[in-house]
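Undergrad: Residues per chain, in single letters:
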Amino acid sequence: MLILGVSFMYHDSAAAILCDGKVVAAAAEERFSRQKHSLEFPEQSIAYCLRECGIEVNDLDFLVFYEKPLLKFERILMTHIDSFPEGFGQFREAMPLWLRWKLFIPELVRRRLGYTGRILFADHHYAHAASSFFASPFDEAAVLTADGVGEWTTLARGAGRGNRVNLTKELRYPHSLGLLYSAVTAFLGFRVNGGEGKVMGLASYGEPRFARVFQEEILDIRDDGSFRLNMDYFLFHKELVMYGPKFVSRFGPPRAPDGPITRRDEDLAASLQSVVEELCVRIARSLQRETRLKRLCVAGGVGLNSKMNRRLIADTDFKEIFIQPAAGDDGGALGAALLLYHQRLGRPRDWVMQNAYLGPECAPADIRRTLQRRRIAHEEFHDPDRLLDRAAHDLAAGRIVGWVQGRMEYGPRALGNRSILADPRASGMKDILNRKVKHREPFRPFAPAVLYEKMGEYFDLEVESPYMLLVADVRPDQRDRLPAITYVDGTARVQSVRREHNPRFHGLLSRFGELTGVPVLLNTSLNTRGQPIACDHHDALECFLNTDMDILVAGDFYITKHPGAGS
Amino acid sequence: MKTDTAAGRGLGSLWLRLSGLALVLLSLALPYRLRWRWAYALNFILNRPRASGALLLKKPSQWLNHALLGVIYFIGIGGSWLAARFLGPKRGPREERTFWRDRGDPGGYDSGMDDQF
Numbered sequence: 000m001l002i003l004g005v006s007f008m009y010h011d012s013a014a015a016i017l018c019d020g021k022v023v024a025a026a027a028e029e030r031f032s033r034q035k036h037s038l039e040f041p042e043q044s045i046a047y048c049l050r051e052c053g054i055e056v057n058d059l060d061f062l063v064f065y066e067k068p069l070l071k072f073e074r075i076l077m078t079h080i081d082s083f084p085e086g087f088g089q090f091r092e093a094m095p096l097w098l099r100w101k102l103f104i105p106e107l108v109r110r111r112l113g114y115t116g117r118i119l120f121a122d123h124h125y126a127h128a129a130s131s132f133f134a135s136p137f138d139e140a141a142v143l144t145a146d147g148v149g150e151w152t153t154l155a156r157g158a159g160r161g162n163r164v165n166l167t168k169e170l171r172y173p174h175s176l177g178l179l180y181s182a183v184t185a186f187l188g189f190r191v192n193g194g195e196g197k198v199m200g201l202a203s204y205g206e207p208r209f210a211r212v213f214q215e216e217i218l219d220i221r222d223d224g225s226f227r228l229n230m231d232y233f234l235f236h237k238e239l240v241m242y243g244p245k246f247v248s249r250f251g252p253p254r255a256p257d258g259p260i261t262r263r264d265e266d267l268a269a270s271l272q273s274v275v276e277e278l279c280v281r282i283a284r285s286l287q288r289e290t291r292l293k294r295l296c297v298a299g300g301v302g303l304n305s306k307m308n309r310r311l312i313a314d315t316d317f318k319e320i321f322i323q324p325a326a327g328d329d330g331g332a333l334g335a336a337l338l339l340y341h342q343r344l345g346r347p348r349d350w351v352m353q354n355a356y357l358g359p360e361c362a363p364a365d366i367r368r369t370l371q372r373r374r375i376a377h378e379e380f381h382d383p384d385r386l387l388d389r390a391a392h393d394l395a396a397g398r399i400v401g402w403v404q405g406r407m408e409y410g411p412r413a414l415g416n417r418s419i420l421a422d423p424r425a426s427g428m429k430d431i432l433n434r435k436v437k438h439r440e441p442f443r444p445f446a447p448a449v450l451y452e453k454m455g456e457y458f459d460l461e462v463e464s465p466y467m468l469l470v471a472d473v474r475p476d477q478r479d480r481l482p483a484i485t486y487v488d489g490t491a492r493v494q495s496v497r498r499e500h501n502p503r504f505h506g507l508l509s510r511f512g513e514l515t516g517v518p519v520l521l522n523t524s525l526n527t528r529g530q531p532i533a534c535d536h537h538d539a540l541e542c543f544l545n546t547d548m549d550i551l552v553a554g555d556f557y558i559t560k561h562p563g564a565g566s
Numbered sequence: 000m001k002t003d004t005a006a007g008r009g010l011g012s013l014w015l016r017l018s019g020l021a022l023v024l025l026s027l028a029l030p031y032r033l034r035w036r037w038a039y040a041l042n043f044i045l046n047r048p049r050a051s052g053a054l055l056l057k058k059p060s061q062w063l064n065h066a067l068l069g070v071i072y073f074i075g076i077g078g079s080w081l082a083a084r085f086l087g088p089k090r091g092p093r094e095e096r097t098f099w100r101d102r103g104d105p106g107g108y109d110s111g112m113d114d115q116f
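Chains A and B, in that order, are what the protein sequence lines are. Start counting the first sequence at 0; every next residue gets the next number (numbering that gives the first Met the number 0). Start counting the second sequence at 0; every next residue gets the next number (numbering that gives the first Met the number 0).
If you are wondering where the hints come from, they were derived from the structure by calculation, not from laboratory data. Ideal Cβ placement from N, Cα and C applies to all residues, glycine included. Possibly wrong hints are sitting among the right ones.
[Claimed, not checked] Cβ pair distances, simulated, as ranges:
1. B:103 / A:516: 41 to 49 Å
2. A:349 / B:50: 28 to 36 Å
3. B:101 / A:138: 49 to 57 Å
4. A:249 / B:74: 32 to 40 Å
5. A:537 / B:74: 29 to 37 Å
6. A:116 / B:50: 20 to 28 Å
7. B:86 / A:251: 51 to 59 Å
8. A:163 / B:85: 19 to 27 Å
9. A:364 / B:21: 26 to 34 Å
10. A:257 / B:101: 39 to 47 Å
[As the list claims (entries may be wrong)] Partial selection, computed: residues in chain A whose CB lies under 8 Å from chain B:
11. 84
12. 247
13. 370
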C-alpha cells in the first residue's frame, strides 16, 4: 500500500511517502525550491518521494493532506467576524489566496499532479500526534502537541496505544503558546516562523525579569497548565502584525530587524522562555497524572524548543521522551500518512524511526561530473578510512569542514549529513563561524555532536538525543575544554550519534576523539543566513565557495578551494 | 482580564455559516480561470483603490465583478458581526477552573478523513 502525505499552504511545505507502513522518503520543499520555509505546493518533494519509491503518481493508493482546509477557513471567517471591520487588512491579504487555491486542495492536487486517486484530510494536531507517536519506539505513550495554530487547536494532549492515538483535550485559537512565542519573536526583530530559535538562543543571555508580567498580565494560567492569552496585548487575530500597542507600552519600542540587541531584548527572551517552559512542564505533569504513562511523545513547532524539551524530561515523572525531528508543519506530511495507515486503515505498526535520513542522496558520478566541469580542486578517496583520517586531521588543525554524506535529513536540524563541522575546543570558533561562514548574529550558539557511548562524560543527559532536540548541561569540568559549543549558561543542544544510525559520522567523531581526546564536534547546518540547508552537492558547493569554509567533503570527494590546500 | 474578545467564542454560528457558504458557493460556481481572476481582482481592488478606479472607467463589467466580492465581505462578514453583536448570547465575565476543552470522540476524526471539515 502506497500513501503520500503532503503539507503546504502555511509554511514548511513537505511530502512523505509510506510503502506498506514504512517511511521510504520524506523531504521539505524548501530544500529543492531554495525558498526557506516555502509554503508552495510541494511539487519537487512529491516528485522526489515518487522517484525514491520508483512509482508514478497514480500508483498511489491514497494522498492525504495534513489538515482540514474548510475547518481552517471557518476559523478565519470567525476571526474576521469577530474583528470586523478592523480585520479588513488581513482579509484582503488572506482571502484572495483562499479563493484562488486554499479552498480547492483536491482540484489543485489533481491539476498539478494529474492524480486521479483518493484524497483524504487529516486533522492538523492529529497529524502532529501521529508523526511523533507512530514514529516512536513506544507501544504506549502520552502525547503532547503544540504549535501556532492548526484548524482551531493550538495545543492538544492525549495518549497513544498500539496503532491508535487519541487526543482528549485541547486549547483553541487564539490562545496559543506558538503564537505567543512568535509575537515576541516579531517584537525582537526576528522573522515569524523561522526566528523563534534565535529567541531561544538569545534567552540564554538574559534574566527572566519580565516573567511575572507574562504570568500575571499577558497570560491567565490555571494549575493544570491550561491558559488564555490576554488579547489586549496582541493583534495577530485581526491585523497583519503580531503584537499591539499595549505590548509596546509595556516593554518599550520593538527592536528593529538587524538593530543592536539590548539587555531588555535578552531579558524579554529569557522571560518568555522561562514562562513557556513552566507552562509546558505544568501541562506535562497534569498529562502524566492523567495517563499514568512514563513515556512522552512531543510534536508541533513548539516541540523544536530544545530547552523546553529538556525540562519535560527533567522536571516531570516522564522517564523517556520522543520528539520527531520534523516536529513542525513539515512533519505534518509524515504524520498525515501515518495517521491514515494506522488509525483509519487499522494497520499494525512495524516501523520505527531510526534516524532522520529520509531525503535525497548525491550520486558520486554527479559529484565527479560537477567538480570536473567546474574545474574545482578535489581528490577522490576510494578508502573511506583514509578520508575520515584526513577530515579528522583537518578538524583537529582548526579547519572548518563542510560535510555532505548520504541522505539528507528530514526536519530543520543538520545531523551529520548536511553539516558544517569544526573543532569545539577552539575558543574563537563560534565567532569565526558566525562571522565568516554563517554570516549571522554573533550571539547565535552552536551545537555539539557527540559519540552516544561517550555522551555522559561530557553532558549531563540521561536520555539519548539523536535529533539535537534536547539541551543538556555541559559537565562543569568540560566547559573550558569545549568553549565553542558551550552556551553562555553552561548548556549545549546535544546530538548523540550511534554507529548504527550514521556509521560515517560516527567514524569521523571516533577519529577526531582518537586525535584530540574529545569525541565531540561542533555541528551546524550547511547553509548561510536566510538560506535553506543544502540539499545536494550543487547547494553545498555554492555555500562552500561563497564562505570561508576550508574544506568540503562530499561523499568520497575531498574538495578544496586551492590545489594542495589542506594536505 | 479581558480574554473573551478572542475570535470565535459564542458567536452565532448560523451567520458564520451563511456568510462562509456564500463565499464558497460563489467561488465554486465560477470556472477555475474566472475564479482565479476574481481572486486577483479582489486583491487588486483592495490594495490599489486608485488604480481600480481607473479600471472602472475602462472595464466597468470587470469592476462590477470585483466589487461583488467587497459587497460579500461587508454584507457577509459585517452582517454576521452585527448579528453576533446584537442578537448573539450575552456573556459576562467568567471564572473557569480550567481552560481545557474536550475534543470529543476520536472515532469522528478517523472516519472524517474523507471530509475537508
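Undergrad: None of the hints should be skipped; say for each whether it holds.
TA: Against the structure, the hints:
1. Distance hint check: the CB atoms of residue 103 (chain B) and residue 516 (chain A) are about 57 Å apart, inconsistent with the given range 41 to 49 Å.
2. Hint check: residue 349 (chain A) to residue 50 (chain B), Cβ distance near 60 Å, so the stated range 28 to 36 Å is violated.
3. For the hinted restraint 49 to 57 Å between residue 101 (chain B) and residue 138 (chain A), the CB-CB distance of approximately 25 Å leaves it violated.
4. A beta carbon spacing of about 38 Å between residue 249 (chain A) and residue 74 (chain B) agrees with the range 32 to 40 Å that was offered as a hint.
5. For the pair residue 537 (chain A) and residue 74 (chain B), the beta carbons lie near 53 Å from each other, so the given range of 29 to 37 Å is not met.
6. At about 43 Å, the beta-carbon gap between residue 116 (chain A) and residue 50 (chain B) misses the expected band of 20 to 28 Å.
7. For residue 86 (chain B) and residue 251 (chain A), the Cβ-Cβ distance of about 42 Å falls outside the hinted range of 51 to 59 Å, so the restraint is violated.
8. Hint check: residue 163 (chain A) to residue 85 (chain B), Cβ distance near 45 Å, so the stated range 19 to 27 Å is violated.
9. Checked against the hint of 26 to 34 Å, the C-beta distance between residue 364 (chain A) and residue 21 (chain B) comes to roughly 58 Å, which is inconsistent with it.
10. Checking the proposed 39 to 47 Å range against residue 257 (chain A) and residue 101 (chain B) shows it holds: the Cβ atoms sit about 46 Å from each other.
11. A distance limit of 8 Å between C-beta atoms decides the matter here; for residue 84 (chain A) the minimum to chain B is near 7 Å, and the interface restraint holds.
12. Interface restraint check for residue 247 (chain A): the shortest CB-CB distance to chain B comes to about 18 Å, outside 8 Å, so the restraint is violated.
13. With 8 Å as the threshold, the beta carbon of residue 370 (chain A) stays out of range of chain B, its nearest partner Cβ sitting at about 44 Å, so the hint is violated.
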